[in-house]
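These protein sequences, in sequence, are chains W and X. Using our numbering, the first residue of the first sequence is number 87, and each one after it goes up by one. Using our numbering, the first residue of the second sequence is number -12, and each one after it goes up by one.
Worth double-checking, as some hints may not be accurate.
To be verified - Cβ-Cβ distance ranges computed for the label pairs, FRET-style:
1) W:226 with X:176: 35 to 41 Å
2) W:418 with X:86: 44 to 50 Å
3) X:237 with W:228: 45 to 51 Å
Stated by the list, open to error - Reference listing, derived: stretches of chain W covered by chain X, where coverage requires no fewer than 3 residues with Cβ under 8 Å from a Cβ of chain X:
4) 190 to 201
5) 266 to 274
6) 314 to 321
Said to hold, decoys possible - Cut-off 25 Å, straight-line C-alpha distance, at most; resulting in silico cross-link-like pairs (DSS-like, lysine-lysine):
7) W:199 with X:45
8) X:385 with W:170
9) W:115 with W:170
For the record, the hints were derived by calculation from the structure and aren't laboratory data. Cβ coordinates follow ideal geometry from the N, Cα and C atoms, glycine included.
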Amino acid sequence: MKKLLLGASAAIAMFAVTGAQAGTLDDVKAKGEVACVVSTGVAGFAYTDADGNWKGFDADFCRATAAAVLGDPNKVKFVTSTGKTRFTILNSGEGDVLWRNTTWTYVRDVDVKLAFQGVNYYDGQGFMVPKKLGVSSAKELDGASVCIQTGTTTELNLADYFRSNGIKYEPVPIETNDEARTNYLAGRCDVYTTDASGLAATRSTFEAPGDHVLLPEIISKEPLGPATRHGDDNWSDVVRWVLNATVTAEELGVTQANVDDMVKNPGKNSEINRLLGTEGELGAMLGLNKDWAHQVIKAVGNYGEIFERNIGPKTPIGLERGLNALWSQGGLIYSPPFR
Amino acid sequence: MSSIDMAGGPPERNPIARLWYDKETRSIIMQILTIVLLLTFFGVIINNAVENLRLLGKTFSFSFLWTEASYDINQHLIEYTSTSTHLRAATVGILNTLLVAVCGIILATILGFIMGVMRLSPNWLINKLVYCVIEFVRNVPVLLHILLVHGLVVHALPQPRGLPDWANFGDLAFLTNRGLFMPSPIFEGGSSAILIAFIAAVGFSWWFKRHAKKIQDDTGRVLPVFWVSVGAIIGLPLVAYLVTGMPIGWEVPQQSTFNLRGGMVIRPEFMALWLALSVYTACFIAEIVRAGILAVSKGQWEASQALGASRGLTLKNVVIPQALRVIVPPLTSQYLNITKNSSLAIAIGYMDVVATIGGISLMQTGKEMETMIIVLMFYLIVSLLISAVMNWFNQRIKLVER
Chain W
87 MKKLLLGASA
97 AIAMFAVTGA
107 QAGTLDDVKA
117 KGEVACVVST
127 GVAGFAYTDA
137 DGNWKGFDAD
147 FCRATAAAVL
157 GDPNKVKFVT
167 STGKTRFTIL
177 NSGEGDVLWR
187 NTTWTYVRDV
197 DVKLAFQGVN
207 YYDGQGFMVP
217 KKLGVSSAKE
227 LDGASVCIQT
237 GTTTELNLAD
247 YFRSNGIKYE
257 PVPIETNDEA
267 RTNYLAGRCD
277 VYTTDASGLA
287 ATRSTFEAPG
297 DHVLLPEIIS
307 KEPLGPATRH
317 GDDNWSDVVR
327 WVLNATVTAE
337 ELGVTQANVD
347 DMVKNPGKNS
357 EINRLLGTEG
367 ELGAMLGLNK
377 DWAHQVIKAV
387 GNYGEIFERN
397 IGPKTPIGLE
407 RGLNALWSQG
417 GLIYSPPFR
Chain X
-12 MSSIDMAGGP
-2 PERNPIARLW
8 YDKETRSIIM
18 QILTIVLLLT
28 FFGVIINNAV
38 ENLRLLGKTF
48 SFSFLWTEAS
58 YDINQHLIEY
68 TSTSTHLRAA
78 TVGILNTLLV
88 AVCGIILATI
98 LGFIMGVMRL
108 SPNWLINKLV
118 YCVIEFVRNV
128 PVLLHILLVH
138 GLVVHALPQP
148 RGLPDWANFG
158 DLAFLTNRGL
168 FMPSPIFEGG
178 SSAILIAFIA
188 AVGFSWWFKR
198 HAKKIQDDTG
208 RVLPVFWVSV
218 GAIIGLPLVA
228 YLVTGMPIGW
238 EVPQQSTFNL
248 RGGMVIRPEF
258 MALWLALSVY
268 TACFIAEIVR
278 AGILAVSKGQ
288 WEASQALGAS
298 RGLTLKNVVI
308 PQALRVIVPP
318 LTSQYLNITK
328 NSSLAIAIGY
338 MDVVATIGGI
348 SLMQTGKEME
358 TMIIVLMFYL
368 IVSLLISAVM
378 NWFNQRIKLV
388 ER
């Protein structure tokens, strides 16, 4: 009997897994890749091109994270998720970081136990309708069928907004942006509602984008940003400062084109030198290499460049900087100092 | 190897080995070992879950069920708004699942029996046609059927604005890509009399059937049970309706800016799920029915025909009752399949229990463990209930040996 007990306790000891690890940074370094949770496909933000490569605003921030930690922007494993699966994927450890048009809210931060690391896109929820309906305001949508991505904040905003305005509607729940597009174009719903950036991105993929209008009402604040697991401060710091590095780089005029030169011939601006690791030990404090921010800018450019390349006015998405201009240019994009 | 003694004498074993070679002790040891391993396994799983929740700083509690759900559900059989609780949302989802499961079971059974009998038809064309349909349908995954039907409804049917005449049934019912709109009854005072009349008619039919059987047993006279029952079930409520002064009004769907308004609607999501699940499962049931009928020995057919019974009568009164004994057990698992497959609703946005409590509520509250436990328990209970009912039915129809 004693032997039996011994065997059993040995079995228990063998199986006793610790579960959710606290040190994601060490894990990522050991794995040699960043598991980055993105959406299943939103034009301009995260989508695969004809060759199957991930492209877009969110995808670039995934690459920036990999460049900072591993020195190689291609060491990213893209993990796709729907609005409903994303937090489970992150919290179960299948993903290391979430760069996926995710709105920072109180409940998600406090109760769902995510840790939001800043805002990389200030958005708001809008409505898109076919022009031929002749609707000019969301208040005229009484009785409409509305396509809505299920499990998102937009779903809750929609219910709140229509209830407070006494508007009746039929919600048509949809899993992914692609399905929403199909159902909207087939006329299963009259209206598609999601973040205004997402609407612009979706409209850009239509055959006749001009036949559809965005209504003037923006019914919510949707600060979109990266999230990590609650209670992993070291890794959270890394993600937060990757975002801050791109913003600071734009502010200081560091671009993909001139960053190598700035590292080779350090100038007199100490903040640029600290950012790029030619001065001070900021990298080591984060547990990264000295040149982590240099690698980030070299890989994807500064915030402005990422924006212009993927979703700016010259792309089919055609979004203006608006709220997402630097604070010094009338926007909200702001980074704490590198000091 | 102390167990084999080459010297030929009785093998000498140390006490522990002797325990092992004793059949009874060994079986006890094995059982203890199995139980310990099993408990260890579950212990580790539970411990792991508790530990992970603690590391994430999450608590385990069902109190979120009483907080506001704040999302809307398009199809709700009971009163529901976005201010209702998560518990209410779960109930709405559960009812939607049960609705599609019950409707699916009924339609699949009817279709399955018809196709199964047709499969045995001596008519070559019917026989082979049904054979092709069955083989095609049941060899394509059910998810594809669901997506196909949903796609057909949404893309092929006309939109509610500018509805063509063929989709407008006398300005009463309308077939659109947002569903089949139909008039809904409005019950006014006195309509309870109609319900009472209906219940009375059903009761009468049941009594009449027993009475007719008794007369047939006694005198051999056959009474028209079917037509009398139909007459009673339709006629009695109709009389009550007229006597009480026609208390049921109808709300007919009306055109509005975006949609048809008022009345009842069968949504494309329900249609797709219901039809696809029913047809898919019906093909399996057809094969089960065919096997069941073939299992009845040929002598039964011949004996019945020797008594002068027609093919239809033979099938109804001689063959099917015996075939049921073979049909019912596999039929039970098909019913379970329909119920469980209804969770594929998620692919087309039908708001079943997985989509509501196991989907949106899970997302909004972050209570993965709790919501999943609710969903699992629901499916478990429903499956066990279906099994229990079918086992009871199986007991009733089993061959009574004398």
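Now the hints, each set against the structure:
| no. | hint | in the structure |
| --- | --- | --- |
| 1 | W:226 with X:176: 35 to 41 Å | 38 Å, holds |
| 2 | W:418 with X:86: 44 to 50 Å | 48 Å, holds |
| 3 | X:237 with W:228: 45 to 51 Å | 23 Å, violated |
| 4 | 190 to 201 | holds (count 5) |
| 5 | 266 to 274 | holds (count 4) |
| 6 | 314 to 321 | holds (count 3) |
| 7 | W:199 with X:45 | 7 Å, holds |
| 8 | X:385 with W:170 | 48 Å, violated |
| 9 | W:115 with W:170 | 29 Å, violated |
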